[in-house]
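S.K.: Chains A and B, in that order, give the protein sequences.
Take our numbering: the last position of the first sequence gets the number 79, and nothing is skipped along the way.
Take our numbering: the last position of the second sequence gets the number 643, and nothing is skipped along the way.
In silico DSS-like cross-links for lysine-lysine, where the CA-CA straight-line distance does not exceed 27 Å:
| id | chain 1 | residue 1 | chain 2 | residue 2 |
| --- | --- | --- | --- | --- |
| 1 | A | K16 | B | K116 |
| 2 | B | K502 | B | K84 |
| 3 | B | K110 | A | K16 |
| 4 | B | K336 | B | K355 |
| 5 | B | K84 | B | K336 |
| 6 | B | K84 | B | K110 |
Computed far set for chain B versus chain A, every beta-carbon distance over 10 Å:
| id | residue |
| --- | --- |
| 7 | A199 |
| 8 | G238 |
| 9 | H243 |
| 10 | A381 |
| 11 | V451 |
| 12 | G587 |
Derived by calculation from the structure, the hints in this document are not laboratory data.
Don't be surprised by glycine CBs; every beta carbon is placed ideally from N, CA and C.
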Amino acid sequence: MTSRERIAALLSEILKVPVDPAREYAREQAENWDSLNHLRIVLAFEEEFGVSLPPEEVVAVRCLSDLERLAQRTAQPPP
Amino acid sequence: MAFGKAPSDWRLQQMLLVGLPRSSFLRTVPKAPAARKVRLRCERSMPFELVSELVSPFMRLWDAELQVSVSDYDPSLAGALRRGEEDVLLLWIDWRLHRAMAPEEAARWVIDLVSASRSAAASAAPVLINDWPQGAGIAEVPDSWVAALDGALEEGTAGLSDCHLVRLEPLRKQCAAFFDPRNDEVAHYPFSQAATIHIARLLGAQILPALATPRLKVVAVDLDHTLYEGVLGEDGPGGVRVGPGHQALQRRLVELKEAGFVLALCSRNELADVEKLFSQREDMEIALADFAALRVDWNSKADNLRSIAAQLNLHPSAVLFVDDNPAELARVAEAAPEVDLVLADPAGAATAEILSRHPGLFRLRTDSAAAVHTQDLQANQERERLRTAATDPAEYLARLGMVVDLFENHAGHASRIHELSHKTNQFNLCLARLTEQEVARLLGPGNLTLSVALRDSLADSGIVAVLAFEVARGRARLVEFVMSCRALGRDVEAVAFGWALGRLSELGCERLEIQAKEGPRNQPALEFLHRLLPNGDRDVPVAGLREAVGGTVRRHPAEIRVHR
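Next up, chain A with everything else stripped away, as it sits in the complex (with noise of 0.2 Å):
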């Protein structure tokens, strides 16, 4: 399973629609993802990955491909 599939199904748990890893899925799409289950994202996505993520990043996800961005950074070993 690749991250984005991981974080696809983690969305689609939290707020109860499908969602499609094929494509884009952003907060304006889900008239539910408001601010309890935006952080109930941030902390499934925090214990799926493994990281801890700083304020202004919570605050700036917006869509799934962010998070996939987020994933990713973490997979990379430090400059």
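Following the hints, position chain B against chain A.
M.R.: Relative to the frame of chain A, chain B by itself:
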């Protein structure tokens, strides 16, 4: 099959109660049909959903499931005044919103809210209120303010009926980062993920079972590979190893004893070896005298556990058994399915953690009779010896030198009456489970409530029984009749009931209605009633009933002292 009888259940027990489980694991705990449903209504001023989502896995440990309804955000918590159908009402408060008030004033506000809710009869359900943890690092809410708030909440809830604190401050001490400013910024939820899991576990594994289920009363433990490492019969008293984990477990057992639980030993060993172990090893943190019942022999453990329950006048479902051997536990699960089971960790530390969080071992308030439990139950063994040696029951009762004190409407006993109503399962005729408000009403004018204290030449049992009657227009209604299992077998129930009937006659009552109720464990109380009223009548003349019970009362050798 009920939870706790299979190896997979014992593994889940360890995964949920030892260390801190991850939320991703909690989400994978399968849901199963539960024996009990608990309806929790949450009136709140901060998010509760993140906690409530994680409570259910912990409720699997006692065969229960949670139904939650959560209010809109409302700092005034005005919804608490609305009538609800819940089993438990939780006031989930972001105390930072009240920081403009003095801490005592803030605590008084919520205590007054609960009182107002009770006056409006909005809900008779128990109420939970969260306190606030220190160390948030927020300048406007200094720790001194939080400490004063928590102290005032402790004091305020202690004086309220069925109102308890969800204590977050002790959880904070177990958690490296309890607050998470980022979560606060995103969703006005101030706690970290780890804190959330701690809170969910406190609610699901400890507070809710303490409110909703009969409590465990006995913790019976194996010896080899449980209280120490090694086999006593092979390694000898000097050869078994007592590590820090075993000492932590032993200290936890002593704490449980001090909190009012009865300890028992149930082990396949030679008693002489066990006595040497406890007398010779200075690194043992528990003494043989801490155990009120010993079954150190080669009988089946299931039989021994049933025999321990019988000796203590308890139903086997009040017993928790701790053993390191899954095959042994499986045999107990088969032969004594009522007994609750814990698989011990041979190193001891995990067992100590399980016994710190196990549902049924958590008490919302201190047991006022805790100090007398073990001594009184140990005296039961001597009473049994006297009973067997006596030529007839009258001689046995006479030898005990009993003194029965009957207290009429004694307001000072309200807390003990409430406690007995909730913790007594066997001799509990009406299963009324009185709230503290109901106790206060029954102790008031127009009603007759007797609290009964018992002592004999072997031990002082303290207040062991309660009879509560509503009295009006020449009629009485028995709404509560409970007696501690420690006092069974000495006909004290007949003495107290007989005296109460006489008092009802003095008060002009001609008829008595008995609100008897059948429950899973209260056969002893129902049998007592059946002996008096074999035809099943529940609305009877007081005079006739006095006649039925009178013989036992007249023959009983106890000294009876009445306190009005």
